[in-house]
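Protein chains in written order, with my numbering: chain A, 1 to 366; chain B, 1001 to 1090.
For the record, the hints were derived by calculation from the structure and aren't laboratory data. Possibly wrong hints are sitting among the right ones.
Quick look at which bits of chain B chain A covers, simulated, 3 or more residues with Cβ under 8 Å [unchecked claim]:
#1 1020-1029
#2 1033-1046
Computed spacing ranges between beta-carbons, pair by pair [unchecked claim]:
#3 Gly1006(B) - Glu116(A): 39 to 47 Å
#4 Arg303(A) - Gly1006(B): 46 to 54 Å
#5 Gly237(A) - Glu1085(B): 18 to 26 Å
Not close to chain A: a few residues of chain B, all C-beta gaps over 10 Å, as computed [to be verified]:
#6 Leu1071
#7 Ala1073
#8 Arg1084
None of these values were measured; they are calculated from a predicted model. In this text, a Cβ means the ideal position worked out from N, Cα and C, and glycines have one as well.
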Amino acid sequence: MSARPWALLAELTHACPLHCGYCSNPLELTSRTSELSTEQWAEVMRQAGELGVVHTHLSGGEPLLRRDLEGIVAAADAAGIYTQLVTSGVGLDRARLDVLAGAGLKSVQLSVQHAEPRASDRIAGRRSFEEKGRAAAVVRDVGLPLGLNVVLHRDNLDALDDIVELGLSWGVERIELANVQFYGWGLLNRAALMPTREQLAGAREAVRRWRERLPAGPELVWVVPDHFDGVAKPCMGGWGSVSLTVTPDGTVLPCPAAAALPDLDPPNVRDHSLGWIWGRSEAFRRYRGTDWMAEPCRSCSRRDEDFGGCRCQAYALTGDATRTDPACRLSPDHGLIRALTEDKGGERPKIRHRVPGRAKGAAGRV
Amino acid sequence: MSTAPGTDWRPTPAPSIVRRHDPVRGDDLLLRPERVGVLTGSAGVVVELCDGTRTVGDIVGELAGRFPAALVATEVPAFLERLREEGWLR
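So that you can see chain B by itself, here it is in the shape it has in the complex (with noise of 0.2 Å):
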């Protein structure tokens, strides 16, 4: 875990890992070694914006505009810190 990131954060999946779509379940997935990170409801919409050139700011107002801009406001930089704890954005 390195620390915490700037206002200038730009996330991105880190190098390993692979975002894909998976039909059988209707869900998209992050895959890495060992390990397999399942993006129900809008989750996957959020990270399919992680493509390293939006900054979080970035994310939330494209977000804001289709979801209510409250929740989008708190609930997807925290979302997404904790994606980067765990690895699987940087």
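Next up, chain A with everything else stripped away, as it sits in the complex (with noise of 0.2 Å):
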């Protein structure tokens, strides 16, 4: 069997109170009604700890809309596993957070679009970040860890050192700075979400210097800006490698963006154990190490760090997910990145927001 899971990324509901249009769930949102039971979600970590897995994040959407997270988090805590919730804090308030710490939660993750209060709401598409904040109190009371996680792009990547000084003031203890990335909602508001090189260059360098400044934390995490830097990333530390993603339905993916691939055929919890999926199922083989690849990934030195990229932006770039990732500089379809992240000045299309039901005109390739 190859090397087992380390993490499962929970997508416990698709339901959510913000409207985030970088959000990387798919287009087609999965209804509260198809969503797996607590008991199946009970199963899912049985059998995740079994298989080897030692961190969950669970997530969403927002998970703190599952009336029985408790339930899912002792069911996960039961079988060894690290629990992380990732919540937009709304919702989260002292006598939740008791309960899930009971249950044996042991960190949070926290999304906040913006450091100026009004600019993280408009980004939300809701009022929240008074609640965000009120979120990050209760969880510091509680002493869990707190992470704080930072979606940049146009709209916020100018405002990276009061990002900063917002974390300071919240009291958390890692913030991870993640460069857009462009699946689902993200893929169709790529025009609108696209930052500048100059933009990226500022961000960079702040980043460079609270490092210097905060050498004892919080550790600062620059998510790279694939588009810009020319170079693949490790998509998933390896496609079936590292991690596994199941969906509210209980899909299971080998990324959570791999939905969008339309010939995939992904395994479903419902039907197969997660041992199979991880070992035996045709979706997570095919990817898998490096005999899939062609030219000119079959033949890199990079080979075994970045995995030839990213399957999903290959397929979305090209409508051929075995291709080399655009993303790289050495692909012979890089001339596609380069016309994405041309400034062309002019007026930006408006960011469309996150909503349930199929996004009109927008599903399929962008």
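Fit the two chains together into the complex; they arrive one by one in their own frames, and the hints show the way.
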């Protein structure tokens, strides 16, 4: 059997009080009635623990909208899995967090959209900044480690200093500065979200300064903007290599964006065990390792470092998931990325907020 | 990273850290948000003694009976200091 997975991304629900246009959830969001039951999630956690998973990120959508969240946390904890809640903070009060911590919750990652309240609310598509601040205080009071997660794009990259200051004032231990990736709603809004090269250079320099100023932390994680660096990201640490994603309806994916690959035919926990899915399913074996690669990846010295980049991005841009990720400057399709990142000036399209129900005319390749 | 501790340092895992055995891989692990530390070889035995009651000297003393003493005296304090710098122990 191939190496065992370390981490499970559990997308418990696609329901969310926020409407961020950069969301990587698919355009066709799963309805609440199609979600796995408490018992099914508990079984997923039990099997994940047996398979070797030691970390789970309880995410969504907004996982707090699952009223049975504490039961799912308890099941993961019983399986020996370290649990992290990934939340917008909306609905996270002291009573709820006490129950979750009692069930074994180990850490919280809070999203914020901007350091300035009105800008954060505007990007989120609803008033939420104040509640996030209160949620951060509650997490500190309960004594759980707190991380901040900020998706960076054109409308907030210039506020990087303020974002780090916000994290400091909220007492976080880690700030994930995640340059936007273009999947799902983020792909739909690509033109609106795309930063400029100058913005990225400024933000990168700001991160360097903060790291120098704060050697004792919080830890600043800079998730690279692969469209600008000319280097493909080592997507998911390799296909079916270190982690798996279970979506709200029980579909199991090697990467949260892989639902966009039309012929993947991903397995579901309702039909198969996680062990079979990880080790035997065609979906998890398809791009595992390096045998599937074509040139220029096949003979490239970096093939075991970046694994050919991202399959979903190769598909989104070229229509062929087996091609080298166009983000790589060695890709014959790299011109596609260069064209996307060129600042053409003029008016930018407005961000379309994430809402349930298929975005009209937006499905498929963009 | 805080300043280096004195000789009375009694190492213990930082509050958010879970130490557990991983039966699938056969090693002890240290877990914290977004990170896994795999304690291979005798590292698991060393960290098991970091319970906040023993000083580094105590730990070296206990291990010296089980492993070559000269090796323990040089390698264990350096290993514990590295874990402290990386935020696993305090």
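Checked hints:
1. 1020-1029: holds (count 5)
2. 1033-1046: holds (count 3)
3. Gly1006(B) - Glu116(A): 39 to 47 Å: 44 Å, holds
4. Arg303(A) - Gly1006(B): 46 to 54 Å: Roughly 49 Å apart at Cβ, these two residues keep to the hinted range, so it holds.
5. Gly237(A) - Glu1085(B): 18 to 26 Å: Check passed, 25 Å falls within 18 to 26 Å.
6. Leu1071: Holds, since 30 Å exceeds 10 Å.
7. Ala1073: Since the minimum Cβ distance to chain A is about 29 Å, Ala1073(B) lies beyond 10 Å and the statement holds.
8. Arg1084: 12 Å, holds
Of the numbered hints given earlier, the model fails none.
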